[in-house]
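Asker: Residue numbers (our numbering), protein chains in the order written: chain D, 1 to 434; chain A, 1001 to 1316.
A couple of the hints might just be wrong.
[Claimed, not checked] Output of the computed footprint for chain A on chain D, the stretches with three or more beta carbons under 8 Å from beta carbons of chain A:
1) 94 to 103
2) 117 to 125
3) 259 to 268
4) 388 to 399
5) 414 to 427
Because the hints were derived from the structure by calculation, they are not lab data. Note that beta-carbon positions come from the ideal geometry of N, C-alpha and C, so glycine has one too.
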Amino acid sequence: MVHSPGSGPGGCAHRAARGVTRRSLLRGAAAGAGAVAVPALLTACGSGPGGGVTLGSNASDAVPKRAYADAFAAYEKKSKKDVKVNTVNHENINRYLQGTPDDVFTWFAGYRMQYFARKGLLADISDLWRGFDGFSDAVKKQSTGEDGKQYFVPYYYYPWAVFHRKSVFRTRGYEIPKNFDQYRALARQMQKDGLTPFALGDKEGWPAMGTFDYLDMRANGYDFHIALMRGEKSWTSPQVRQVFDLWRGLLPYHQKGANGRTWQEAAQSLQQKKTGMAVLGLPHPGQQFTVQNRADLDFFPFPEIDPAFGQEAVEAPVDGFLLAKKARNRAGAEDLLRFLATPQAELIYLKSDPNNVAVNSGAGTGSYDALQKKAVRLVSGARQISQFMDRDTRPDFASTVLIQAIQQFIGDPDDIDGLVNGIERQKKQIFAAD
Amino acid sequence: MNRTTGTRPATPPKTVTPRPARRRGPRRHTHRDLAVLCVLLGLPILLDLALVWGPTLASVALSFTTWDGVGDIHWAGLNNYADLFADYPQFWPAVRNNLLWLAALGLLATPFGLLLAVLIDRGVRFSRLYQSTLYMPVVLSLAVVGFIAQLILSRDQGALNALLGRQDHPVDWLGDPDLNIWMILLAACWRHTGYVMILYLAGLKSVDPELKEAAAIDGANERQAFFRVVLPALRPVNVIVGVITVIEALRAFDIVYAVNKGRNGLELLSVLVTDNIIGEASRIGFGSAIAVVLLLVSLGFIITYLVQELRGEQRR
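Using the sequences and the hints, build the whole thing.
Answerer: Have a look at this one:
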């Protein structure tokens, strides 16, 4: 899936390493890149054809894969140029980009993109951006590296919110909660009615991150949340403890055994009316609801906790494309990116994957269903847009510390002190490593 | 032996002619010998250096650095190890799980495999059926065993909770960190038992039946005959099984990775190495430190094994 961190063979690491110190260190190792490279050496490396553009896509699920294929086919028809798609697992992105990467590849906006831009692995596409039209300033900011140059072509996004079934709310007479007290009261009522209030599956490690993000942004504001993600605030601060405290108060209303359940199973329980609500991104319940049931799916923005921050921040991860610095066919790649930045290209994609929303404001919403239209309203009314925990912070911090910490919290919510102390100690090591 | 032929009738017939004594002094190798030696000995040594020793030493060296795979390398001294032992919450559970894994395979699956082999070797009814059924999981990769385990053990949709009639109060076989490692060990033992069984079956077939008969004549009962005569005769197989068990336990990875990426109670050293090095994280220095710990644990077993083998060699 889109976020899931982890690992898999996706990189090619047989290129000679750069940097004198490293080379001298590894000279003794005849294998070149050492132990690290050996597994990667064994994986197949995609090599592009001469004229066309190669594109590394991490969309292996059927729906997005077909949707991407439609968009690229449209480009091939229009430009008479080839796009060769290699479906790769991007978990190994570091070595992928240092090896022989595809010219263009799918990736995520925000800090997780900036991290690789700072490492010098991405090509600056500021020139292309001057010709782009229809992207808001907020989106441009998410596509911009720390050096002020643009690296990212945004394609589609999907907001996170609290999903539920209209019919359940209608027949039981539930009201949409505006603030946290109403939210808790609704959960209590659902439990009384024999319904599990919140669906939760965190086996993959990332789905529960969305709940943390919203609790933190509502309780402490967007600026605090982003600073925390960037390692500038302490995880042992009272603000973070408060977030875990609020969450602990909600956990008894969640499905039990969340660490053993996939997000698909959680979304299915919502679809089967066994659970009442779920904090997820639009594609997640979207993919698990049948076409007939889809009209019954609805969402509301995460409720307000501190009136000072209201509901102004919305979590809406943006997916898009990057140009590798090592691209072999840069001109072709830029031409493809120029096409992908157009509203038409986005709409072709969305036709087959209606669980997302186009980033370009020029994309007509005429073909959107009610859910997509609501998503557009939610995001366009937002004062701040966050990307998602594992996109707003360093990839090594998210995948080796936060996933485990949140799973630990779900399993044992009472040891908040031990939890935040452990996170903070590891954070210091990781952020000091640069 | 030297055949006497008719062409040399004068020599007195001898049954054994001593081979002409070798010339003393350094041996002479022809160029051809040298070339053959280089190819047959040099190439493997080169490959060994390049593919085993090089990466190993590189890992050890990298474990004293902080390197993210892109920038320059900075020396970090023993910091990685200090952080690992003190501040990495997954480390000690991973060590514990690796040892559990070793204990389960060595103390449960291996003896059980031997027992099954003995039973089948004695020719119980349908032994061929048992043999193939028990061997079946061995042809599956552990990752596939992991997927099968999920189908059975999943909390909401798994077969086991349905069979137990616990849909209302399901047991979280894979999500509960106190429980999931045992379930996974069970699945791993399922596969390992078949593996061990087939090795012992092959070994038992090669034990000379006369040994057992002799033991019986000497008045040994079946138990004594097995433990005092058959099992010692199986020594080469025992060694192979022991080595395989240790290797399987230390390299365990795919099954937990297939289940939940080796988190939340299923940590293993190999998973931590992967999480830190192969994943997007690229904490190569830190991950190498974990790999070195795994190397040291493995070396402990390798050295013990070699010492035992060499001692045994001397005794014989």
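Asker: Check each numbered hint from earlier against the structure, then list the numbers of those it violates in ascending order.
Answerer: none
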